[in-house]
Every structure is written in C-alpha cells, then in structure tokens.
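Can you build the whole structure from these sequences, using the hints too?
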Amino acid sequence: MKDVREDLTAYVDGELSDARRREVEQAVGLDPTLQTEVTMLRRLKKSINPEPLPDLLLREASMAYDAPNPAKEELLRKLQAAPKPGGFRAVLRPYRWVAAGAVGVAMVATFVQMGGRSLGESSAGSKEVTSSPAFVGGVPSTMAEEAKMETAAPAAPGESETDAEQNLWKGADQARPAKRSAPSSAAADIPTLRNEREVIQSANIGVAVPDAYKGLNQVEAIALSKGGYLENKSFNRADGGMPTASAILKVPSAKYDAAMQNLRDLGEVREESQQADDVTKAAVAYRAEIDQLKRKINALDARLRTARGSEAREIRWRLTELQGQLTSQQVVSKRLAAETAISTIAVTLYEKDKIKLDPANANWSENVWNQATNNFGVVGRMLGAVAVNILVFSPIWLPFLIVVWLRNRTPKA
Amino acid sequence: MKVLAARMAKPQKLEITDLVHEFYEDVVAFCRRRVGEDQAADVTQETFLVAQRSLGKFRGQSSPRTWLLGIAHNLCRETCRKLGKDRILAAEIPDVGKTDPDLVDRIVLEEAMGRLSEDHREVVILHELEGLTYEEIAAVLNAPVGTIKSRLHHAFVHLRRNLGVSVPA
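Chains as they are written, first to last, in this note's numbering: chain A, 1126 to 1538; chain B, 188 to 356.
Since the hints were made in silico from the structure, they are not lab data.
Among these hints, one or two may not hold up.
As the list claims (entries may be wrong) - Covered stretches of chain B, going by a simulated chain A footprint (3 or more residues, C-beta under 8 angstroms):
(1) 230 to 243
(2) 290 to 299
(3) 305 to 318
(4) 342 to 350
What the hints assert, rightly or not - Result set (SDA-like, lysine to any residue): computed pairs, CA atoms no more than 20 angstroms apart in a straight line:
(5) A:LYS1197 <-> B:LEU236
(6) A:LYS1170 <-> B:ASP292
(7) A:LYS1171 <-> B:PRO288
(8) A:LYS1171 <-> B:ILE294
(9) A:LYS1171 <-> B:THR320
(10) A:LYS1171 <-> B:ASP292
(11) A:LYS1203 <-> B:ASP205
(12) A:LYS1170 <-> B:ASN349
(13) A:LYS1170 <-> B:SER304
(14) A:LYS1170 <-> B:HIS345
(15) A:LYS1203 <-> B:GLU202
(16) A:LYS1203 <-> B:ILE258
To be verified - Simulated restraints, written as ranges between beta carbons of each label pair:
(17) B:VAL237 <-> A:GLY1226: 25 to 35 angstroms
(18) A:GLN1160 <-> B:ASN349: 21 to 31 angstroms
(19) A:GLY1229 <-> B:GLU279: 48 to 58 angstroms
(20) A:GLN1151 <-> B:ASN349: 29 to 39 angstroms
(21) A:GLN1160 <-> B:LEU270: 38 to 48 angstroms
(22) B:GLU224 <-> A:LEU1531: 42 to 52 angstroms
(23) A:THR1158 <-> B:GLY351: 12 to 22 angstroms
(24) A:LEU1523 <-> B:GLU224: 44 to 54 angstroms
Since the structure is predicted, the reported quantities are computational estimates derived from the model, not experimental observations.
Beta carbons are placed, not taken as given, at the ideal position from N, Cα and C, and that holds for glycine.
Printed below as a string of structure tokens:
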C-alpha cells in the first residue's frame, strides 16, 4: 500500500479519490503523528493564504468592476478594434463541413468525369488497337477499313470505281457477294484482300539478343531461308558501350510476316514499327495505260499494213511515239511490281548486358519511377481539375460565402 | 457572471471582452508574480490578444480562467527568455492585517517559500495563492496530474523543513 504521508497534502486539499480518502482518513484517525502532520499542513496552508479564496475572488472581482483600470480599458479598446477573432478562418469554421463536403463532391465529380473520359479513351484506344496498327492480321489498317466499307456499302460497278479497279475486282467477284451478305466475315476476308492489293511493305525492328554478332548471322540466315537477302549489314562495338549490329533485309512480300516473326523470336523486341504503302491504284492505272497503248499500237499496226505514202509515214511516226510511251510505262510498272514483291526490313540488334540483373530487380526502379511520375501527373491533373471545378462553380458558392462573411464580420451588440 | 455562464454553455460564443471583465485581475496577478510589475501589464495585454486570436480553438475542456493562465504562463516564460532573466515567481503572502498567533509569520513564510525550488514554488503559488485545482495546474503547466500531486507533496515537505519543522521520514 502506498505511503499515506505522500497523500497527506492531497488529502488536506480534498484532491483524493473517495476510496483513497477513506483509507487516509482511517490511517490518520489511528495515528496521532499523522494527525499532527495534518494539523500542521492545514495551519501552513492557512498561513500562505489567510483568507478563503472565494471571498478574495469576489472582493477582487467587485473591485475590478467598481474601480476603473486604465490598462484594462486600453486593452478592451484594442480588442474591440482588432479583427474578428480567428479572422476569416473563424468565420468559415462553422461551415467547414459544408465546405469539405463541397470539395469532396467536386473531387468525386472530377474523378468520375476524368475516370469516364479515361474509360472512353481506353475503349477508343482498344478500338484503335484492332484497327489502327499498320497491320491487322497482316493487312494495312486502311485496307481493313476499306474492306469494311466495301462490305457495308458496296459501290455499284462503274459508279465510283474506275474501270481499271473494276477489272481488279473481277478476280474476286466470286468472293464479293459473300462479303456483302456477311459483313462480319470481313476480317476473314482480309488476307485474301491483302493478296489482291499491291502494297509496298517495310518495317523497323530492334531486338535485344545475347550476342549481336551471332544475331547478325541469324538475321542473314532468316533472309536466305525466306528467299531474300541482306542488302547491307554492319556491326559496331563502341568503347564502353554495348555492341550493336544492324542489317537491312529484303524478303519476298509473301514471306514478310514469317520473316518478321523469325526476327522477333531472336530475342527481346525493344522496338517495332511497320509501314505499308498501298499502291494498287497506281499499279492498276499503269497496267490500264499499258493495255490501252498496246491496243492503240495494234490498231495502228493493222492500219499500217494498208496505208500508203504520207499516211504510212504518219502512222509509223505515231507508232514510234506510242512504243516509247509503252516502254516507259512498262518500266515504271515493273519497278512498282518489284517494290511490292519485295519487302524491306531494317533490323537493329542490341547486345544484352553480360552481367544481367534479375529482370524483376532491374526493372523495379524504372517501374517505380514511372509509376510515381505517372501518379504525380494524375494527382496534379486531378487537383487542377478540382481547382477548375471550384472556380467554375464559384457563382454558386461565392455569394453564399460573401453573405456568411458579411454576417459574421460585424460584431454582435 | 451570468453572461459568462450562459456563454460557457456554448463555448464558441465566448466573447473576449467578457473574459477581460472576468479574469483581467487574475491574469495581471499571475503575470506580476512571474515577470514583475514592469512587464505584467504588457504580458497581460498580450495574453488577451492571443486569447482573442485563439478563441475559436477554445473547446471548453478546461475553464476559461485555466485556459487564460496557460497562455499567460507561456508568455511569461517567453518574456523572461527574451529579457534573459529568470522567472521571479514572487511568493507574496497576502497581508490581511490579522495577527493570528496560530499562523506562521508572513515574512518568515515568504522567506521559506523563496528558498523552494522553482518547480515547487510554482505549484504552491498556483494552488495556494492562485486557487487552482490539481487538474487546472496540470492544464496550465501542461503536466500530468500525478506529477503535480507529487510536486506539491514534496514542496510542502521542503517548506516545513525550511521553516525548521522536523518532518517524519
């Protein structure tokens, strides 16, 4: 049990709990020494403050109200002249939950708005994924769109297509009604469509491989296996840098997809881009022009057999001119055909670091950094959006705020 | 007092002028004991100005008087620190003009209290002269109630020793 003496002061002051007070009381009643100590303490306390405190306070208070005190008066003047306690914040304090609620609603609204937009963006993005890459199932996206348009609203023959294009479609006429009757099969038709179009294909691909030099040989092997060749190749080992190799492949367009897949399989793809230039219209136009020139030449040949004198000379001169044009058109057409027949792939090989870190750890800092900067951007945009929302809604809350402030500004009587 | 009691029901409606009317003298006396007559009026004024600015933060968990004395206590410490001098903590016993033979002589008592440590003298002044309860002293000094209780016990032990009274161990 705790020493009673330690609690004697608190006992005299009436600051003990009921239970402890009873214990101390009991002990004091039994011990004359403790009784003497209590008496002495009471006497000492009375000596320090000889007058009961409440009476003293009352007397001081009444004196304070009766007697003018210049310092007190000056203080009261200062306090009344001073701004309202707490200033603007104090005025707002009673309405802080309303303000917090408004800010919360603004934030939620902003979040929903941003979330909805980003959702819309992502759905648009996913739509793009199926249609926007250079190739969809190996077909240029523009062609895929074109195919869809064809299946959805086919143009009447001769209505919008040139005769030459109609000729192009002749071979596929059997397939077209099926496409028209079943629009959903458009995707399935795309490979066929691709074969019918004339496209110049090219690509850039960067692959990280264990050994850049060996990789270069593999690239060459791929080119040869597909019936193509390497247009050029180079190997570079810069001081202090990782070795890199580059090559330009030429492969038959029919083997383009297979070649790309083989290149991807070499290692870890770092970058990839593909381009497709649809030259069908130009090719068809050249061929039509060639046909027309041939027809004209044949007709002139027939006339030449029966022509005499100046007419024959004129026909010969005209034939020479037309044959020159035909040759020129045939050269261009052949060049175009060659370009569409062969695809170009630019390959860059990066040598992976020999002392490779655990992939998870190697990417950890980068991932965290990207995530953090991304989050920072998101939060920044969100706060900005909240600020803009608050500003936009100011015609609603600002008058309310002004009324509150005016009401609280004037001190009450 | 009725006005203050009514306002106490709604602590946020406390007016600083009411506090001045009620507690100005208490705060002046409190400050006088700690910073002396010269600085007491200024520190008191500063106390009420600070209180006015912080009135919105007053939650009524302690009495307004305790709250004001807490502000004054901090300002007195700050003033002494700025002036580079120790707190005075004058233990002036009220002269009631009576000569009760049972009471200890005022001069002797003041001298004995003057020899107490600052911490002990402070709690004695706060409790005996300024009339604060243990809980209120704890609020003013920002210390646990148990510490105040123990400090007061030891203060009186030392005071009695200073007065030449033997204290049983």
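Hints, one by one, checked against the model:
1. 230 to 243: Three-residue rule met by the region 230 to 243 of chain B, so holds; n is 9.
2. 290 to 299: Satisfied; 4 residues make the cut.
3. 305 to 318: As far as the region 305 to 318 of chain B goes, the hint holds, because 5 residues have Cβ atoms under 8 angstroms from chain A.
4. 342 to 350: As far as the region 342 to 350 of chain B goes, the hint holds, because 4 residues have Cβ atoms under 8 angstroms from chain A.
5. A:LYS1197 <-> B:LEU236: holds (12 angstroms)
6. A:LYS1170 <-> B:ASP292: At roughly 12 angstroms apart (the allowed maximum being 20 angstroms), B:ASP292 and A:LYS1170 satisfy the hint.
7. A:LYS1171 <-> B:PRO288: holds (12 angstroms)
8. A:LYS1171 <-> B:ILE294: Roughly 14 angstroms between the alpha carbons, so the hint for A:LYS1171 and B:ILE294 holds.
9. A:LYS1171 <-> B:THR320: holds (16 angstroms)
10. A:LYS1171 <-> B:ASP292: Holds, because 11 angstroms separates the two Cα atoms, which is no more than 20 angstroms.
11. A:LYS1203 <-> B:ASP205: holds (14 angstroms)
12. A:LYS1170 <-> B:ASN349: Holds, because 15 angstroms separates the two Cα atoms, which is no more than 20 angstroms.
13. A:LYS1170 <-> B:SER304: holds (18 angstroms)
14. A:LYS1170 <-> B:HIS345: holds (14 angstroms)
15. A:LYS1203 <-> B:GLU202: Judged against 20 angstroms, a Cα distance of about 14 angstroms means the pair holds.
16. A:LYS1203 <-> B:ILE258: holds (18 angstroms)
17. B:VAL237 <-> A:GLY1226: 25 to 35 angstroms: holds (32 angstroms)
18. A:GLN1160 <-> B:ASN349: 21 to 31 angstroms: Hint holds: Cβ distance 23 angstroms, inside 21 to 31 angstroms.
19. A:GLY1229 <-> B:GLU279: 48 to 58 angstroms: Once the Cβ atoms are compared, 57 angstroms apart, the range 48 to 58 angstroms for B:GLU279 and A:GLY1229 holds.
20. A:GLN1151 <-> B:ASN349: 29 to 39 angstroms: holds (31 angstroms)
21. A:GLN1160 <-> B:LEU270: 38 to 48 angstroms: holds (47 angstroms)
22. B:GLU224 <-> A:LEU1531: 42 to 52 angstroms: holds (44 angstroms)
23. A:THR1158 <-> B:GLY351: 12 to 22 angstroms: For A:THR1158 and B:GLY351 the Cβ distance comes to about 18 angstroms; the hint holds.
24. A:LEU1523 <-> B:GLU224: 44 to 54 angstroms: holds (52 angstroms)
Violation of the numbered hints given earlier is absent; every hint is satisfied by the structure.
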